[in-house]
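Respectively, the protein sequence lines represent chains A and B. Okay, so the first sequence: first residue is 1 according to the numbering used here, each after it adds one. Okay, so the second sequence: first residue is 1 according to the numbering used here, each after it adds one.
It cannot be assumed that every hint is accurate.
Which residues of chain A face chain B? A partial, calculated answer using Cβ under 7 Å [claimed, not checked]:
| hint | residue |
| --- | --- |
| 1 | D193 |
| 2 | T195 |
| 3 | F222 |
| 4 | V245 |
| 5 | R251 |
| 6 | D252 |
| 7 | L268 |
Simulated from the structure, these hints should not be mistaken for lab results. Keep in mind the model is a prediction, meaning the values are calculated, not measured. A virtual CB, placed ideally from N, CA and C, is assigned to each residue, including glycine.
Listed below are the residues making up each chain.
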Amino acid sequence: MQNPENSAPLLEVENLSVEFHTDGGVVHAVSGVDITLAPGEVRGLVGESGSGKSVTSLAVLGLLGTRRARITSGRILFRGTDLLRIPERELRGLRGSHIGMVSQNALSALDPSFPIGAQLVEVIRRHQGVDRAAARKLALESLELVRLPDAPRRLRAYPHELSGGQRQRVVIALALACRPELLLADEPTTALDATVQKQILDLLLRLNDELGTAVLLVTHDFGVVSHVCDSVTVMRRGKVLEQGVAKDVLRDPQHPYTQALVKAVPRLHLSESERAVPRQQRRLHEFSEVMASVGEAS
Amino acid sequence: MTSRYEQVLVVRDLRKVFGNPTSGVVAVDDVSFDIARGQTWGLIGESGSGKTTTGRMILGLEPATAGSVDFDGNEIVRARPKTLQALRRRMRMVFQDSGSAFNPRRPVGDQITYGLQRYGIASGAEARARTVALVERVGLEAAHLDRYVHEFSGGQRQRLGIARALITDPDFVVLDEPTAALDVSVQAQVLNLLKDLQAERGLTLLLVTHHLALVEHMCDHAGVLEHGRLVESGPVDRLLTDPRTETTRALLDAVLEPTA
Chain A
1 MQNPENSAPL LEVENLSVEF HTDGGVVHAV SGVDITLAPG EVRGLVGESG SGKSVTSLAV
61 LGLLGTRRAR ITSGRILFRG TDLLRIPERE LRGLRGSHIG MVSQNALSAL DPSFPIGAQL
121 VEVIRRHQGV DRAAARKLAL ESLELVRLPD APRRLRAYPH ELSGGQRQRV VIALALACRP
181 ELLLADEPTT ALDATVQKQI LDLLLRLNDE LGTAVLLVTH DFGVVSHVCD SVTVMRRGKV
241 LEQGVAKDVL RDPQHPYTQA LVKAVPRLHL SESERAVPRQ QRRLHEFSEV MASVGEAS
Chain B
1 MTSRYEQVLV VRDLRKVFGN PTSGVVAVDD VSFDIARGQT WGLIGESGSG KTTTGRMILG
61 LEPATAGSVD FDGNEIVRAR PKTLQALRRR MRMVFQDSGS AFNPRRPVGD QITYGLQRYG
121 IASGAEARAR TVALVERVGL EAAHLDRYVH EFSGGQRQRL GIARALITDP DFVVLDEPTA
181 ALDVSVQAQV LNLLKDLQAE RGLTLLLVTH HLALVEHMCD HAGVLEHGRL VESGPVDRLL
241 TDPRTETTRA LLDAVLEPTA
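Using the sequences and the accompanying hints, generate a full structural model.
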């Protein structure tokens with residue numbers, strides 16, 4: 001992890017607002033969101049379903065469908081360039097080479113009908129303009145970087161021949177093949193088993209450390225934030241409620257919503273006093289109760 | 001007559017092989033455990049460990065290759081379809097995604113009430129009254145009964161799924177990842193509701209999950225499945241504080257908590 005202070009920001013989302021036009025009317029999915037990411041920083045973008053966290057990350061990638069979604073205000077500055085004001089062709093050049101993406105569903109990010117090596121080679125050639133032999137070498141390096149076992153042979157493997165964790169490693173290799181400065185990871189481990197989740201998160205941390213890639217990690221899971229993030233932005237109903245150093249926000253959340261949400265996560269290893277209560281009478285902290293106890297309506 | 005330690009469920013050498021019985025894939029490999037009346041047993045495992053298949057075999061929803069399941073004196077594995085149908089009134093299931101277990105084209109109320117008609121428990125006004133009472137007990141309103149499943153939030157759908165399972169007044173319920181699809185802010189409500197209903201109705205529960213913290217909060221005993229084998233089982237407090245197998249230790253190590 002790098003120090004997020006005293007360097008020019010890599011990404012600045014300023015006053016971003018996004019609305020969706022649906023049959024039921026206009027939905028304000030994101031309202032006046034500000035997020036800053038320094039080079040090398042790992043920031044968690046946390047919220048529940050409908051909080052606007054994924055819409056925010058899609059806006060950064062310029063991947064909001066244009067028909068129904070409309071960006072009504074704001075700027076998205078990547079190294080000082082406003083991504084909302086550049087032509088699609090230029091944006092496409094940035095995506096992949098300078099901004100990588102990892103989504104929840106690795107299977108949908110990979111083409112089922114091509115070997116993973118060919119997919120890596122295509123991405124590398126498109127963005128780096130190297131010849132096929134050089135691209136193959138870089139593809140192999142990428143797979144070795146993400147510690148895919150038996151990488152040289154796996155270049156010829158099809159996505160369905162890999163396990164879920166291996167596929168997510170390939171997607172990360174694909175996203176990082178051109179050594180982007182920024183990686184957007186939207187729930188990258190949500191579909192994985194807990195033991196595999198930990199391996200993939202540790203891989204992201206190692207790559208952040210080795211390559212200096214900044215990561216904007218979209219997640220609903222405070223456990224994931226605690227494990228990998230330097231900083232955190234908490235969203236609810238399209239607005240940023242709170243942001244700061246991850247450790248501080250988790251230990252001493254300022255906003256009642258964050259307090260309630262952190263407290264509502266079922267914890268392993270009960271305290272002595274909790275254990276003293278017979279199991280039938282033990283109750284989990286309910287979000288609405290915690291909200292009520294701090295005088296907020298949930 | 002029902003002693004406190006009576007076993008409601010006795011599972012012995014339960015086995016499931018998909019494909020050829022000698023060369024096929026062994027999904028569940030000679031699993032044995034007991035659940036005492038009124039208790040909650042946690043079946044822990046990662047994807048592909050065989051935990052859902054085990055739960056389905058126990059309910060007779062999936063034929064077992066070998067072994068036995070004794071539910072309150074009734075053999076499930078070799079039971080005739082008719083016997084099994086009758087027993088299903090007393091052993092029910094709550095799915096991870098209750099939304100997709102409801103027919104989208106029919107009001108949810110009819111589908112909850114169906115259990116009463118199916119087993120000849122009640123009909124007409126009485127069935128309606130029982131359905132309303134239960135739906136209100138799980139935190140919804142009578143007016144919700146005429147709506148369709150897409151009109152409900154994830155947490156509400158799970159409450160509907162619980163109501164549909166409990167309408168026949170079962171003794172035993174399998175909960176398959178009942179909160180895995182829910183936002184954190186509603187998980188605890190659903191779990192506390194299940195605990196309250198268990199206490200009120202004396203339910204015996206099998207909680208199928210990968211989530212160790214839920215097991216600690218909900219279960220009395222638990223076991224860990226890996227590649228279809230029950231590698232370790234015991235009282236939850238012992239299992240999670242003094243694990244005796246590498247599998248359990250690895251699962252514990254992988255738990256990410258919000259604060260260290």
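Checking hints one by one. Is V245 (chain A) an interface residue toward chain B, by the C-beta closer than 7 Å rule? violated, 13 Å
Residue hint R251 (chain A), partner chain B, criterion CB-CB below 7 Å: holds, 6 Å
Given F222 (chain A) as an interface hint, is its Cβ closer than 7 Å to any Cβ of chain B? holds, 4 Å
Report holds or violated for the interface hint on T195 (chain A), using the least CB-CB distance to chain B and a cut-off of 7 Å. holds, 4 Å
Would the hint on L268 (chain A) be counted as holding, given a Cβ-Cβ threshold of 7 Å to chain B? Cβ of L268 (chain A) sits 4 Å from chain B, so the hint holds.
Interface restraint verdict for D193 (chain A) against chain B (beta-carbon cut-off 7 Å): D193 (chain A) check passes; min Cβ-Cβ to chain B is 4 Å, inside 7 Å.
Have a go at the D252 (chain A) hint: is there a Cβ in chain B nearer than 7 Å to its own Cβ? violated, 10 Å
Comparing the model with each numbered hint stated earlier shows that hints 4, 6 do not hold.
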